[in-house]
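S.K.: Listed below, chain by chain, are the residues.
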Amino acid sequence: MNLNKIFKNIFLVLMAGVILTACATTKKVETTTGQMQGDVYTGTDTVEYLASGVPDRVFFATNESILTTRSRETLRKQATWLRENSGISVVLEGHADERGTREYNLALGERRANAAKDYLMTYGVSSSRISVISYGKERPVDSGSNPLSWSKNRRSVTVKAN
Amino acid sequence: MQEKCWKDKNLKFLRTLIILLLIQFKAYALIEVDITRGNLSPLPVAVSPLASDKKSLAEVEKILKIKDIGSEISLVVENNLKQTGLFNPLAKDAFLQKPDIAHFKPRFEDWKLIKAQALITGKVEIINENLRVEFRLWDVLAAKEMLAIAFTTVPTNWRRVGHIITDKVYERLTGEKGYFDTRIIYVAEEGPKTKRIKKLAIMDQDGFNVKYLTLGNELVLTPRFNPTNQMVTYLSYFRNLPRVYLLDIETGVQEVVGDFPGMTFAPRFSPDGKKIIMSFASDGNSDIYTMDLENRIVERITNHPSIDTSPSYSPNGRYICFNSDRSGYQQIYVMKSDGSNVKRISFGRGLYGTPVWSPRGDLIAFTKLHKGKFYIGVMRIDGSGERLLTENFYQEAPSWSPNGRVLVFYRETKTDEKGEGFSAKLWSIDLTGYNERQVPTKTDASDPSWSSLLSN
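Top to bottom, those sequences are chains A and B.
Just so we're aligned, residue 1 is where the first sequence starts under my numbering, counting upward by one.
Just so we're aligned, residue 1 is where the second sequence starts under my numbering, counting upward by one.
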């Protein structure tokens with residue numbers, strides 16, 4: 001059993017090596033899809049852009065509403081963009097993955113969207129320009145039933161309201 | 001002296017024996033069905049087609065376009081009994097006696113021959129454009145009538161006639177109220193997982209008479225009946241504002257519940273039907289509120305920076321169980337209905353959600369998530385005696401049958417590598433953990449809520 005595990009690990013390490021060298025030679029590192037750090041999605045697969053260089057969404061760990069360093073970076077870009085375009089209002093749509101009860105997930109989506117809202121506000125965006133809606137687990141962006149799909153679905157998406 | 005003592009002892013023994021025999025005799029006198037444990041040998045029962053005269057048959061065919069109403073009603077009864085897992089309805093082609101004669105006076109030897117222990121017979125006729133039904137329940141082994149009831153209703157109610165007969169038979173044989181003349185309100189689903197279309201739907205407990213209450217233009221979730229089954233409270237995303245609504249099933253009139261400046265969700269009625277209890281989410285915090293439907297007074301019940309949701313009243317209205325992550329993770333809590341005396345009751349491994357109080361008052365059903373699996377379970381109201389009834393990839397939201405013996409819930413399937421193959425269906429399971437069955441629905445379905453008995 002243990003030996004098997006060791007072999008498996010060696011195999012994985014070798015495979016990773018193969019993939020990495022393959023990437024290095026073909027310079028495809030940035031198009032690699034489906035990355036996760038812990039269980040927070042860090043890829044760009046589903047991400048859309050509010051403006052050039054301004055991603056529209058941030059991702060969360062399971063059952064969490066804490067903003068990661070990367071999420072805060074994204075939100076600062078959104079805040080800058082919103083300050084430059086003072087006529088624009090946004091809706092923050094909070095979502096959860098399918099691995100939770102419906103009612104709790106509605107609350108969790110609301111909590112996530114508000115975490116993003118609070119951060120935008122601390123960077124100078126007036127609360128009157130931000131509204132919040134939770135969809136719980138009702139509107140997944142990825143219909144898969146696996147950890148990667150779920151990580152893409154745990155999100156708060158900033159959408160132009162006007 | 002010694003001899004007398006011995007005699008006394010002997011007498012005592014004899015007396016006990018007689019009492020024991022009497023008890024035994026009583027137990028054997030008429031058939032009984034024990035519903036407190038999984039039933040591995042369901043009771044063989046013969047459901048004779050209800051007898052009818054030619055004139056009535058012709059009239060029924062004119063009104064309902066049904067050829068043999070007596071047979072059809074008996075099929076409703078048969079199907080109900082079979083779904084309980086407690087009864088084994090026997091094949092009709094083995095029946096030796098004609099329905100009308102059997103109803104008048106069964107030849108018990110004939111029914112014994114096909115191993116029936118209980119027999120249901122009946123008669124259906126049209127009198128003044130109404131359906132008059134009578135039925136009898138017979139104990140075949142004791143050669144005795146156990147029950148005889150007659151009632152009149154409008155012909156379009158003919159499936160309900162079957163359900164009412166089942167309720168009476170079930171009650172006579174198990175000693176507990178039935179749950180067959182009931183409805184289930186649920187959310188009918190269709191379309192791809194990322195753009196699901198959801199409608200409120202209502203159907204008879206056995207999946208027949210489906211009616212859609214909304215058109216599917218907006219997302220709707222978590223419908224629940226009021227105690228008289230005339231009103232429904234649910235969550236609607238009408239105009240992209242998720243709010244708790246109240247719908248009158250008969251008139252179709254609906255209204256927003258309260259005037260909250262944000263999302264309200266997870267609604268349920270109080271046991272007296274006068275209040276709606278729900279969550280209100282504001283600035284990332286969900287708390288529990290009630291609104292009185294008569295005077296519109298809103299009361300805040302919980303006040304905690306955690307998520308408090310999925311409230312459900314005890315049947316006497318004095319307590320509320322709810323879901324909160326105030327300990328860091330989703331757990332089940334119980335408090336007094338004014339919000340005082342909050343106590344956590346779930347302490348097992350994993351996350352707990354959707355607590356719902358049993359109509360008998362002694363149990364709370366819940367959803368549990370542990371190591372990537374979802375369970376439907378029950379525990380006592382102090383959190384002791386946790387019992388998991390069923391395990392699956394995803395299932396949640398149990399709702400009790402009105403007699404507290406069966407739970408209905410929904411189950412979703414895992415999608416394949418392409419993200420396809422998603423489905424959501426209603427399932428039911430007995431409190432015993434046995435008799436797990438899919439509840440038939442035309443479309444995909446979720447969020448079931450069981451009505452109380454429509455007739456009593």
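Among the hints, a few may not be true.
Here are the computed lysine-lysine pairs in the DSBU-like style, where the Cα-Cα straight-line distance is at most 35 Å [stated by the list, open to error]:
{"hint": "1", "chain 1": "B", "residue 1": "K168", "chain 2": "B", "residue 2": "K62"}
{"hint": "2", "chain 1": "B", "residue 1": "K62", "chain 2": "A", "residue 2": "K77"}
{"hint": "3", "chain 1": "B", "residue 1": "K144", "chain 2": "B", "residue 2": "K168"}
{"hint": "4", "chain 1": "A", "residue 1": "K160", "chain 2": "B", "residue 2": "K195"}
{"hint": "5", "chain 1": "B", "residue 1": "K195", "chain 2": "B", "residue 2": "K67"}
{"hint": "6", "chain 1": "B", "residue 1": "K55", "chain 2": "B", "residue 2": "K105"}
{"hint": "7", "chain 1": "B", "residue 1": "K195", "chain 2": "B", "residue 2": "K168"}
{"hint": "8", "chain 1": "B", "residue 1": "K82", "chain 2": "B", "residue 2": "K105"}
{"hint": "9", "chain 1": "B", "residue 1": "K418", "chain 2": "A", "residue 2": "K77"}
{"hint": "10", "chain 1": "B", "residue 1": "K67", "chain 2": "B", "residue 2": "K373"}
{"hint": "11", "chain 1": "B", "residue 1": "K98", "chain 2": "B", "residue 2": "K195"}
{"hint": "12", "chain 1": "B", "residue 1": "K211", "chain 2": "B", "residue 2": "K371"}
{"hint": "13", "chain 1": "A", "residue 1": "K160", "chain 2": "B", "residue 2": "K199"}
{"hint": "14", "chain 1": "B", "residue 1": "K442", "chain 2": "B", "residue 2": "K373"}
{"hint": "15", "chain 1": "B", "residue 1": "K442", "chain 2": "B", "residue 2": "K371"}
{"hint": "16", "chain 1": "A", "residue 1": "K160", "chain 2": "B", "residue 2": "K442"}
{"hint": "17", "chain 1": "A", "residue 1": "K160", "chain 2": "B", "residue 2": "K418"}
{"hint": "18", "chain 1": "B", "residue 1": "K195", "chain 2": "B", "residue 2": "K177"}
Hints in this document: simulated from the structure, not taken from any laboratory.
Quick caveat, the model's predicted, so the values are computed rather than measured.
S.K.: Within 35 Å, alpha carbon to alpha carbon, are K55 of chain B and K105 of chain B?
M.R.: 23 Å, holds
S.K.: If you draw a straight line from the CA of K160 of chain A to the CA of K199 of chain B, is it 35 Å or shorter?
M.R.: Holds, because 28 Å separates the two Cα atoms, which is no more than 35 Å.
S.K.: Do the alpha carbons of K442 of chain B and K371 of chain B lie within 35 Å of each other, as the hint requires?
M.R.: Within the cut-off at roughly 32 Å; holds.
S.K.: K160 of chain A and K442 of chain B were given as a pair; does the straight-line alpha-carbon distance stay at or below 35 Å?
M.R.: 38 Å, violated
S.K.: Hinted pair, alpha-carbon criterion (35 Å max): K98 of chain B, K195 of chain B. Please report holds or violated.
M.R.: Violated, at about 55 Å.
S.K.: Hinted pair, alpha-carbon criterion (35 Å max): K418 of chain B, K77 of chain A. Please report holds or violated.
M.R.: Roughly 33 Å between the alpha carbons, so the hint for K418 of chain B and K77 of chain A holds.
S.K.: If you draw a straight line from the CA of K195 of chain B to the CA of K168 of chain B, is it 35 Å or shorter?
M.R.: Outside the cut-off at roughly 44 Å; violated.
S.K.: Between the alpha carbons of K195 of chain B and K67 of chain B, is the straight-line distance 35 Å or under?
M.R.: Measuring from Cα to Cα gives roughly 43 Å; hence the hint is violated.
S.K.: For a C-alpha distance cap of 35 Å, please report whether K168 of chain B and K62 of chain B respect it.
M.R.: 29 Å, holds
S.K.: Holds or violated: K82 of chain B and K105 of chain B, Cα atoms, limit 35 Å.
M.R.: 25 Å, holds
S.K.: Please verify whether K67 of chain B and K373 of chain B have alpha carbons no more than 35 Å apart.
M.R.: 48 Å, violated
S.K.: Checking one constraint from the list: CA of K211 of chain B to CA of K371 of chain B, max 35 Å. Satisfied?
M.R.: 38 Å, violated
In this structure, the earlier hints numbered 2, 5, 7, 10, 11, 12, 16, 18 are contradicted, and the remaining ones agree with it.
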